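Enquirer: Protein chains in written order, with my numbering: chain A, 35 to 407; chain B, 28 to 442; chain C, 240 to 384.
For the record, the hints were derived by calculation from the structure and aren't laboratory data.
Quantities reported herein were computed from a predicted structural model and do not represent experimental measurements.
Not one of these hints is a red herring.
List of simulated lysine to any residue pairs, SDA-like, C-alpha gap at most 20 Å: (1) A:Lys85 with C:Ser293; (2) A:Lys61 with B:Lys181; (3) A:Lys360 with C:His284.
Residue strings, one per chain:
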Amino acid sequence: MGRLHAEEMVLNMGPQHPSTHGVLRLKLTTDGEIVSHIEPVIGYLHRSFEKHAENLEYQMVTPFTGRCDYLAAMGSEHGYAMAVEKMLGIELPERVEYLRVIFAELQRIASHLVAVGTFGLDVGAITPFIYCFRERELILDLFEMASGARLLYNYIWIGGLAHDVPPGFVEKTYEFLDAFDERVTEYNQILTGNKIFIERAADIGVMTPEVAINYGVTGPSLRASGVNLDIRKTQPYSIYDRFDFDVPLGEGIQGTVGDSWDRYYVRVLEMKESAKIVRQALDQLPVEGDVKSAIPRRIRPPKGEVYFRSENPRGELGYYVVSNGKNVPLRVKMRSPAFSNLSVINEIGQGFMISDVIAILGSLDIVLGEIDR
Amino acid sequence: MIQSLANWILSFDILSGMGQSIAWGISLFVVSALIFAFVAVNAIVLVYIERKVSAFMQVRLGPMRVGKFGTLQTVADALKLLQKEDIIPEKADKPLFVIGPWIILVASVVTFAAIPFSDTLLAANMNIGLFYVVSISSIVVLGIVMAGWASNNKWSLYGAMRSAAQIISYEIPVGITLIAVVAVVGSLNLQTIIQAQAGSSNLFHWIPIPLPNWFIFHSPFLFLASFIYLIGATAEINRTPFDIPESESELVAGFMTEFSGLRWALFFLSEYANATLVAFLVAIVFLGGWQSPFADYKGAQISLLIVTLVSIMWTIFVKTKVGRLSVYPLGLSLLLVVAAWLFPGFAVWLSSPGLFWMLMKVAFIIFLLMWFRWTFPRLRVDQLMYVSWKVILPISIVNLMGVAVWMWLSGEIQF
Amino acid sequence: MIEFVEEETQNPTVVIDASAMASVCTYLKEAEVLQFDSLMNLAGHDPDGESDLSIIYHLHSTVLDHYITLKTFTPRENGVVESVANIYRTADWHERETYDLFGVKFNGHPDLKRILLEEDWEGHPMKKDYTPAEFYRGMRIEKVK
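Here chain A stands alone, though its shape is the one from the complex:
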């Protein structure tokens, strides 16, 4: 009787699957339930954003940036606008800066709600997902009030905003903030402290800081490994240096530092911090100011290039814009955070079971739109 030879099976979590967040294909090589190799196959949502941008004028690229990361469109537009403004050297009115920060942080809350909700959904808790979307509806109502759209806004233009916020917006945002903090406590009660959830998420997919930095992981996934890198604090852009907020780090409360539970919990805490920032921005919002006054009539940045980083809900969103003096950019490269975040999954997912791979994928919070562009 020789040794039993068990073959490894290649399992395909195909592009259509309820738990891969978007059209992502994972080729899993498994021995029974234990995964030995994960190969993500992407490109199903490639829409050639960068090639399009080379044929569009600078201001016409803005709606396209929103469509790349459709769950955090305000963040994408904000990053692009700031990159071009840096090349042009524009000084923005105060009101524009404050409003942009408010929208960016509200967008961060909305995006983290989706991340938290779908992570619960991936491990089987269906109810918190519905609760998270209940809050998200309130935020989307605010966005609709301001820009007219719920998901893809074309609102943060180069040099200002598309239009000013309507009257009643500030009050409604205060109402939302007042209701929001206790909701976060509710999520903690129903999901964060749940023993079964902790068993599914703690010690799963542990990412050490060295692996995280080497693979280019940024954002909450990096901070969950204990690395204190938040672009809003290290390289403050816009007016983030005027606000008082903490950067939550993963501390390994329920397991190892850098496991999926930490990545989830950092997002929950970041929602609270973003609510703090929005409140401070609303308090300090200048009443006067024309949001369109700094928008240049013709956008022709001088020859040169810029690489501008901003803190997207998913991580470091970088825009590498090259100009040759014309009104059409020569090159727009979007360095999307989820692209690098996803590449780490083979390193941290080995040796776990298939259910754990799904939990790890959920905790990394990817959006295929910005991975494939």
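We have chain A; now place chains B and C onto it with these hints.
Expert: The following block gives chains B and C in isolation, referenced to the frame of chain A:
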């Protein structure tokens, strides 16, 4: 019951010339049809209830359009499923693919023959009733593995294998907890088990709170056993937190992925039949079956008064603080207590055993099962196994010994 | 081999030979005073339809908090650059993307294949002189007006 129905048929003058065996045959057929009808209607009602309960827990409304408050939704769904194209994958194993769902359904429905719905409604009064129910209901594993294998789909196979491992592992603690109850009663006959829970006695034999003589209040060991049985039974019927085999977000639909139309409806039917079976068993074995919780009509009135007081406290201290006042606890209990005191006949009816109490208890357990499903995330398959073999099994064995010790201490058995 | 360029960009930019990329990056990562442990971005760039392609590396030191930009140039067809994928694992996918869209090969990359486009796509679209083929697997490729 079959015999009494046969006698009833023969009691008609025109039909009396039929002969015993033919009358018996007809009544057997009628009783089987009744059981199957009960299972089918039960599934239809439960699907609707599950959707409504889950919707209310998730701050939504659920089905509202088809029929008043969406009551005809399941009927519409059933009609839709019946007229779907029957797709069998090309490389699927046809005989197993066809038979698999039927085995699961038949195994679930057949167990209802031994379940006493009330003191007179019982299809087959078997001496080995409990043993019959537990053993026949384990045949569903065969159907699940057949379905998963015949689909020729790696994901279905995963689901089927996980399910087989899960069901077989949880049979053992479930069986041992039931044996603890059998040790108290001394019989496997389900009707006897219920009749042994008549009357009222103290909580845990010595604490002087008068409670119905149900086995859940018999001793701390049986109290624990009821929870262990509930957990094990949730795993047996593949419901969250143990629904790894059909985990929606991981394996699409697990072993049910390739089945569409009527075949999928059969899976669904059998899932709710299993859930009902488990609820019946909990109600029979631990909660006194068709026995009423009230000893007599005076007991009914006083108990309802206490319940009203508790609901007043609950409304004042809990509901107003949360800010969600609703009519249900207070209004319902007020209605019941006023009716009981004004109409003694109502109180007499409340305190008499019957089908009503059995269905109440079953409904409560099913509500618990639904509550679990929409609250908890699901356990991973190895955690599931860990819970079964390393947590519940040792506890249930200790339980069995504890019950024996308790019975000796409380004087029920002598050495 | 190395040329230092000061431009209006915020970070100092250094132009490096394509064949020296790996050794330069190793030095940048391990030198005590530099410690560039994070590759923020790796992009390809086609300035116009004729001259050499350029590849830009944006490096960042999380420890010492300074930035540097590296540039290298390759010929338009069959350009080869030393891969830094074993030094910065970020570069693994970024180099695959640059190969996919610009046609630049990276020497020493563990698994250089297309990432965003299909495996059997012909051509490298981000080059300015790219024209798509007539057919792909029997389907006509529509011309964009």
